[in-house]
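Chain by chain, the residues run as shown.
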Amino acid sequence: MSPTVFAPWNNPDEKPLIRFKNVTKKFGEFVAIDDLSLDIYAQEFFALLGPSGCGKTTMMRMLAGFENPTSGRIELAGQDIAPVPPNKRAVNMMFQSYALFPHLSIWDNIAFGLRRDKMSKDAIEARVAEMLKLTRLEKFARRKPHQISGGQRQRVALARSLAKAPKLLLLDEPLGALDKKLRQDTQFELMDIQESTGTTFVIVTHDQEEAMTVASRVAVMDEGRVIQVATPAEIYEAPNSVYVADFIGDVNIIKASTKAIGQDQYHLNWIEGQPPLTATSALPFSEGQQAHLAIRPEKIKISTDRPEDAPNALQGKVLDIAYLGNLSTYHVELPGGQVIKAQTANTRRIARRDITWEDPVWISWSATAGVLLAQ
Amino acid sequence: MKRMTWFNVTSLTLGFAFLYLPMIILVIYSFNASKLVTVWAGFSTRWYGELLQNEAFLNAAWVTIKVAVISSSIATVLGTMAAYVLVRGGRFMGRTLFSGMIYAPLVMPEVITGLSLLLLFIGIGLDRGVLTIVLAHTTFSMCYVSVVVSSRLVSFDRSLEEAALDLGSSPWEAFRLVTLPIIAPAVISGWLLAFTLSLDDLVIASFTAGPSATTLPIKIFSAVRLGVSPEINALSTIMIAIVTVGVITASLVSKRSSLRAQEETRAAERPTT
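Quick mapping for you: the protein sequence lines, in order, are chains H and W. Under the working numbering, the first sequence has 94 at position 94, and the numbering climbs by one with no breaks. Under the working numbering, the second sequence has 81 at position 81, and the numbering climbs by one with no breaks.
Read the hints as simulated data drawn from the structure, not as lab findings. Be careful, since some hints might not be right.
Stated by the list, open to error - If you want the ones that stay clear, here's a sample from chain W, every Cβ over 10 Å from chain H, calculated:
#1 Lys35
#2 Val69
#3 Leu106
Said to hold, decoys possible - Now the stretches of chain W that chain H is said to cover, found in silico as 3 or more residues with beta-carbon under 8 Å:
#4 126-137
#5 177-188
To be verified - Restraint ranges, calculated between C-beta atoms of paired labels, are given here:
#6 H:Lys317 - W:Arg158: 52 to 60 Å
#7 H:Gln43 - W:Leu259: 14 to 22 Å
#8 W:Phe98 - H:Asp108: 35 to 43 Å
#9 W:Arg158 - H:Lys15: 29 to 37 Å
#10 H:Lys167 - W:Leu259: 50 to 58 Å
#11 W:Ala104 - H:Gln43: 56 to 64 Å
#12 H:Met191 - W:Arg176: 19 to 27 Å
#13 W:Val154 - H:Glu130: 16 to 24 Å
Just so you know, even glycine gets a beta-carbon here, dropped at the ideal spot from N, CA and C.
Construct the entire structure; sequences and hints are all you get.
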């Protein structure tokens, strides 16, 4: 592994900064976190991604100290943190609502945590000035939170939570309140700040694009369990389950029974009376096992003529065309009624109009384009 | 602006006349030069001067103010604490019962509150005086404070307290530095409410006051039984003034803070640069 790549999770000697060990959290009868184990390493930008109610916010609140696990252990730098109250943890949180103190100026908001540490006046002033500069808020230091814009408030919340130089910064849907354009700009700002401060960030989000953009690793969660933890590229290109494939981005799922035809090569019988599909899989599948082939729409080619030497080619009929500007998505109905989405980039300004509604078309993909999933 | 119809003007006039005419007459007659209450004999501040010479009234006034300040301050502390626990305490056994019980004294007939306090004070052998009135007034005005404060706490964003804890404050610091400054307007209007309630209470005070301490309302009530004197008019006018100032301040404080809260939430809902 080259030393320039940041991947502590691949290094068995690396000690994680945070370790969840068989953590379960129940609220009455409701199981919010179900026997969850997870390692997060220093300087990571780690994203907890999942639909609302999947337990991601509960995990964050347990790290901050507002909730304690019902059973299991959470370690921060090797120490069990359960007995440590929130005000004694080297963890700071940026709240979803920002939770800026409305009666204090921006300056005093940022200084709030530093004052609690009994820092000297000069040290506080220097640190606040540094934070204001980092978040480009120098001009607004004397204003109250209600006198600045949403984007500025978001930066105040970030500055306030970074001021104490925590080991770990928790971000609870930090960009949820911003509009799309501002959100994208802020994502890159967050990444810059994370890189320049070297702080470990754990971000909670339900926005998969956001998680993919900012994070070094993403944990996809569902019903209190982590389904997959991997880099954004792995999550996207090699999901470990239909749930992950479906949650991240757009995907076509074809159900089929498998038949091994060689080294990691399988034939998929997906419907009566059609030639089998070919796919590769490093994971073994037994003869006749039910599997799901997951293929991203952009990996499927669409053409009017039958493509030559394509391992998988199917004929269908265009049902719908979604023109998105940069891309076009074609919904193609196959014999048997299944609809497959195929995407092409509109690289030319004058679009080819050779495929339109009701046209018979061919869709094709290579043997390695899809991922074969057992569940 | 829509023009007022005759009907509206008439009903407004009638309504306000009904409410304020008696008081206006009282205020006017307090400036009457004549000793006869019902005969106007020209403008004079004579009765205000005489009032200042009247030792008994001045003593009663002093007792009243002392009782009002002390009892409303204690009631504010206790009422705020009660409100905090009831709103923030989470779900503990009998929470609904407790929050119901704290409002019960609001609807309890004053005679019953007064009588039961009297029985208690006699039972524990407490001599009736300033202390007993203070205790009695604290008891009933505390509920008002807790109603005012808890309505503010219900809309209080809990994550502000969590943020304070997260940034290293102890729970007490979080309350003192974040919660209290933000709910301060409600606490202040609670205090002012308790103060005015204590100032004009007659029934409960007359049960719990002793020969050593008499409050102004008791004094006025007993003086009136011997006949209305212009001095009483002057005294009542002063009390009306104090209560009016108290009520107006309380409503201004709460109005200003609710305006600011509105401004803050409106700003928070507009996520643009």
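Consistency of the hints with the structure:
| no. | hint | in the structure |
| --- | --- | --- |
| 1 | Lys35 | 55 Å, holds |
| 2 | Val69 | 26 Å, holds |
| 3 | Leu106 | 30 Å, holds |
| 4 | 126-137 | violated (count 0) |
| 5 | 177-188 | holds (count 4) |
| 6 | H:Lys317 - W:Arg158: 52 to 60 Å | 56 Å, holds |
| 7 | H:Gln43 - W:Leu259: 14 to 22 Å | 46 Å, violated |
| 8 | W:Phe98 - H:Asp108: 35 to 43 Å | 36 Å, holds |
| 9 | W:Arg158 - H:Lys15: 29 to 37 Å | 35 Å, holds |
| 10 | H:Lys167 - W:Leu259: 50 to 58 Å | 41 Å, violated |
| 11 | W:Ala104 - H:Gln43: 56 to 64 Å | 58 Å, holds |
| 12 | H:Met191 - W:Arg176: 19 to 27 Å | 37 Å, violated |
| 13 | W:Val154 - H:Glu130: 16 to 24 Å | 39 Å, violated |
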